[in-house]
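Trainee: Residue strings, one per chain:
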Amino acid sequence: RKEVEQDPGPFNVPEGATVAFNCTYSNSASQSFFWYRQDCRKEPKLLMSVYSSGNEDGRFTAQLNRASQYISLLIRDSKLSDSATYLCVVNTAGNMLTFGGGTRLMVKP
Amino acid sequence: EPEVTQTPSHQVTQMGQEVILRCVPISNHLYFYWYRQILGQKVEFLVSFYNNEISEKSEIFDDQFSVERPDGSNFTLKIRSTKLEDSAMYFCASSRATGAGANVLTFGAGSRLTVL
Numbered sequence: 156r157k158e159v160e161q162d163p164g165p166f167n168v169p170e171g172a173t174v175a176f177n178c179t180y181s182n183s184a185s186q187s188f189f190w191y192r193q194d195c196r197k198e199p200k201l202l203m204s205v206y207s208s209g210n211e212d213g214r215f216t217a218q219l220n221r222a223s224q225y226i227s228l229l230i231r232d233s234k235l236s237d238s239a240t241y242l243c244v245v246n247t248a249g250n251m252l253t254f255g256g257g258t259r260l261m262v263k264p
Numbered sequence: 465e466p467e468v469t470q471t472p473s474h475q476v477t478q479m480g481q482e483v484i485l486r487c488v489p490i491s492n493h494l495y496f497y498w499y500r501q502i503l504g505q506k507v508e509f510l511v512s513f514y515n516n517e518i519s520e521k522s523e524i525f526d527d528q529f530s531v532e533r534p535d536g537s538n539f540t541l542k543i544r545s546t547k548l549e550d551s552a553m554y555f556c557a558s559s560r561a562t563g564a565g566a567n568v569l570t571f572g573a574g575s576r577l578t579v580l
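Heads up: the protein sequence lines correspond to chains A and B, in order.
One gets our numbering by counting positions in the first sequence from 1 and adding 155 to each.
One gets our numbering by counting positions in the second sequence from 1 and adding 464 to each.
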């Protein structure tokens, strides 16, 4: 089993749609969880940290399910500018963060 | 907004040559990292560095690679005897701290290495 696994997509959605991505991780001892966003040929940028109780930042909601070892990201009211690759990131040991392969989102007019 | 800066943005080198990629982390950050991303693949951890020594490294980070903080601001990745498969984007990152909820990484824009 891969350490951090994501559906690569692409997810093609119309503007205004709600879309959800899931991510599973294999190390039950992981403590830190993040969603990063990566635009084509650019660096990853932090979208949001994921907290045990779930958290929301505007149109973005992140959830953590420790029992099932998965993390989700929900994007409401999708914008064209949300088109990017969304990276699930988990600390797998100490201060080493492991990235999933990313889920590509394309928002169409 | 503070940023991590990397140079060069793109380097082309011949197989077998040595390259040095440079990074200036955010000034009050204490932890420094190198990641790489081969085109079309995922971001892979190479090494983390704290208090002037390597704190963790991956299987990728073998004897061909080394890191150094030669002064108070720069953090470098040296790749000796480059191979074709070293062609990738190399990202430097830094964070203020580590531990649960604290190790938020800020990435530089990357250095693209092309080995011919």
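Note that these hints are calculated values from the structure, not bench results.
Backbone N, C-alpha and C fix where the C-beta goes; we use that ideal spot for every residue, glycine too.
There could be a bad hint or two in this list.
[As the list claims (entries may be wrong)] Below 27 Å or equal to it, Euclidean Cα-Cα: the simulated BS3-like pairs (lysine-lysine) are:
(1) A/K263 to B/K521
(2) B/K506 to A/K263
(3) B/K521 to B/K547
(4) B/K547 to A/K263
[As the list claims (entries may be wrong)] Label pairs and their in silico Cβ distance ranges:
(5) A/T173 to B/E482: 19 to 29 Å
(6) B/D527 to A/S181: 35 to 45 Å
(7) A/L229 to B/R544: 23 to 33 Å
(8) A/S223 to B/L548: 14 to 24 Å
(9) A/E170 to B/E523: 20 to 30 Å
(10) B/Q505 to A/G213: 26 to 36 Å
[Stated by the list, open to error] Partial chain A-side listing against chain B, Cβ under 7 Å, derived:
(11) C195
(12) P199
(13) M203
(14) S208
(15) G209
(16) E211
(17) G249
(18) N250
(19) M261
Trainee: All hints, please: hold or fail.
Mentor: Hints, one by one, checked against the model:
no.	hint	in the structure
1	A/K263 to B/K521	violated, 40 Å
2	B/K506 to A/K263	holds, 25 Å
3	B/K521 to B/K547	holds, 20 Å
4	B/K547 to A/K263	violated, 40 Å
5	A/T173 to B/E482: 19 to 29 Å	violated, 50 Å
6	B/D527 to A/S181: 35 to 45 Å	violated, 28 Å
7	A/L229 to B/R544: 23 to 33 Å	violated, 45 Å
8	A/S223 to B/L548: 14 to 24 Å	violated, 41 Å
9	A/E170 to B/E523: 20 to 30 Å	violated, 43 Å
10	B/Q505 to A/G213: 26 to 36 Å	holds, 30 Å
11	C195	violated, 11 Å
12	P199	holds, 5 Å
13	M203	violated, 10 Å
14	S208	violated, 12 Å
15	G209	violated, 14 Å
16	E211	violated, 17 Å
17	G249	holds, 5 Å
18	N250	holds, 4 Å
19	M261	violated, 17 Å
In summary, the numbered hints that this structure violates are 1, 4, 5, 6, 7, 8, 9, 11, 13, 14, 15, 16 and 19.
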